[in-house]
Amino acid sequence: MATPSENTSERFTLAPGMPFDPSHFDRMVSLQSHSGFIGMTYRKHGPNWLEMAIPWREDLVGDIETGVLATGPIISLLDNTTSMSVWAKRGTFQPQVTLDLRVDYLRAATPGKDLIAWAECYQIKRSMAFVRGIAHDGDINDPVANVAGIFIQVEPETSARAQEAST
Amino acid sequence: MSDALHTRLSSLLPPYAVTMGMRIDQIIDGVPILTMDFSDRTVGRPGFIHGGAIGGLLEIASIIALRADLGDEGKATRIKPVNVSIEYLRGGVMVQTFAIGQVIRAGRRIANVRAEAWQTDRDKPLASSWMNFLLKPKVA
Numbered sequence: 001m002a003t004p005s006e007n008t009s010e011r012f013t014l015a016p017g018m019p020f021d022p023s024h025f026d027r028m029v030s031l032q033s034h035s036g037f038i039g040m041t042y043r044k045h046g047p048n049w050l051e052m053a054i055p056w057r058e059d060l061v062g063d064i065e066t067g068v069l070a071t072g073p074i075i076s077l078l079d080n081t082t083s084m085s086v087w088a089k090r091g092t093f094q095p096q097v098t099l100d101l102r103v104d105y106l107r108a109a110t111p112g113k114d115l116i117a118w119a120e121c122y123q124i125k126r127s128m129a130f131v132r133g134i135a136h137d138g139d140i141n142d143p144v145a146n147v148a149g150i151f152i153q154v155e156p157e158t159s160a161r162a163q164e165a166s167t
Numbered sequence: 001m002s003d004a005l006h007t008r009l010s011s012l013l014p015p016y017a018v019t020m021g022m023r024i025d026q027i028i029d030g031v032p033i034l035t036m037d038f039s040d041r042t043v044g045r046p047g048f049i050h051g052g053a054i055g056g057l058l059e060i061a062s063i064i065a066l067r068a069d070l071g072d073e074g075k076a077t078r079i080k081p082v083n084v085s086i087e088y089l090r091g092g093v094m095v096q097t098f099a100i101g102q103v104i105r106a107g108r109r110i111a112n113v114r115a116e117a118w119q120t121d122r123d124k125p126l127a128s129s130w131m132n133f134l135l136k137p138k139v140a
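Residue numbers (my numbering), protein chains in the order written: chain A, 1 to 167; chain B, 1 to 140.
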């Protein structure tokens with residue numbers, strides 16, 4: 001088990017409204033974080049979409065009989081990729097939290113292969129951003145998983161509730 | 001009796017669950033309560049647990065609740081996740097997290113399982129989910 005890091009809170013973080021460039025992800029992600037731990041990396045992005053990947057790893061397997069990756073890391077990959085697609089579309093970083101995520105598992109991921117996620121933000125409203133995406137292991141036309149989700153912006157009036165939630 | 005169930009269900013936790021610091025905390029009326037230790041590898045944005053780690057915990061809680069429900073006869077059953085829907089209700093802070101699954105129905109081919117995760121207060125859930133599973137006989 002990793003020991004809690006003292007520098008977790010000191011790592012580089014974005015301030016609200018700062019320009020957001022998804023290609024900086026690999027330099028920003030801390031190894032003392034879930035995304036860093038599962039080996040998440042940036043691949044490419046466009047105006048409202050991006051691609052991220054995680055490697056297959058033995059310690060993240062969900063079924064020892066087949067060697068298939070657990071679905072937890074797939075949720076993590078899709079959560080990050082869809083979340084960052086919102087900032088890609090905005091062009092700036094705005095704090096947001098996941099309201100909901102729905103993932104359909106179309107087939108088992110192939111053991112040994114990297115898992116790639118493509119996600120897009122297809123609509124931004126005042127409070128909500130709507131996202132969708134696909135996870136695959138090399139051929140996007142033969143997907144492993146499909147995701148639909150909603151992110152909600154953290155606004156000053158909701159931060160009081162965030163305070164309540166953290167106590 | 002409960003110790004034997006605890007041992008059997010613990011042995012069914014996959015490498016991912018163990019890696020993430022998940023284990024069976026206790027079993028109440030045959031239903032396992034799963035816990036996940038706080039560690040760096042669960043952290044998302046600074047100070048909060050990653051939504052994927054919470055989703056992963058809910059999924060493992062669902063699977064292990066289903067395994068408990070299927071009992072010994074379920075040993076020959078492969079359970080394949082079909083889909084999951086997760087509602088995030090509160091931010092998860094840097095403490096231990098718990099989760100429990102509730103099997104709504106386990107039929108011949110499909111099982112429907114709901115799950116809920118919480119931290120210090122059982123009445124203030126962090127997140128909830130529903131999952132559908134396809135049940136298939138293991139090929140001998």
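Note that these hints are calculated values from the structure, not bench results. As the structure is a computational prediction, the values presented were derived from the model and not from experiment. From the three backbone atoms N, C-alpha and C, an ideal C-beta is built for every residue, glycine too. Hints are supplied without guarantee of correctness; some may be wrong.
[What the hints assert, rightly or not] Pairwise CB distance ranges, derived in the manner of DEER restraints:
no. : chain 1 : residue 1 : chain 2 : residue 2 : range
1   : B       : Lys-136   : A       : Glu-58    : 41 to 51 Å
2   : B       : Ile-28    : A       : Met-18    : 46 to 56 Å
3   : A       : Gly-91    : B       : Ser-2     : 23 to 33 Å
[Stated by the list, open to error] Short derived list, chain A residues pointing at chain B, Cβ under 7 Å:
no. : residue
4   : Leu-60
5   : Thr-71
6   : Arg-90
Tested hints:
1. Between B:Lys-136 and A:Glu-58 the beta carbon distance is about 24 Å. The supplied range of 41 to 51 Å is therefore violated.
2. For the pair B:Ile-28 and A:Met-18, the beta carbons lie near 47 Å from each other, so the given range of 46 to 56 Å is met.
3. Look at A:Gly-91 against B:Ser-2: about 55 Å separates their beta carbons, and that is not inside 23 to 33 Å.
4. With a least beta-carbon distance of about 5 Å to chain B, the hint placing A:Leu-60 at the interface is held under the 7 Å criterion.
5. The beta carbon of A:Thr-71 comes within 5 Å of a beta carbon in chain B, closer than 7 Å, and the hint placing it at the interface holds.
6. Against a cut-off of 7 Å between C-beta atoms, the interface hint on A:Arg-90 is violated, since the closest Cβ of chain B lies about 17 Å away.
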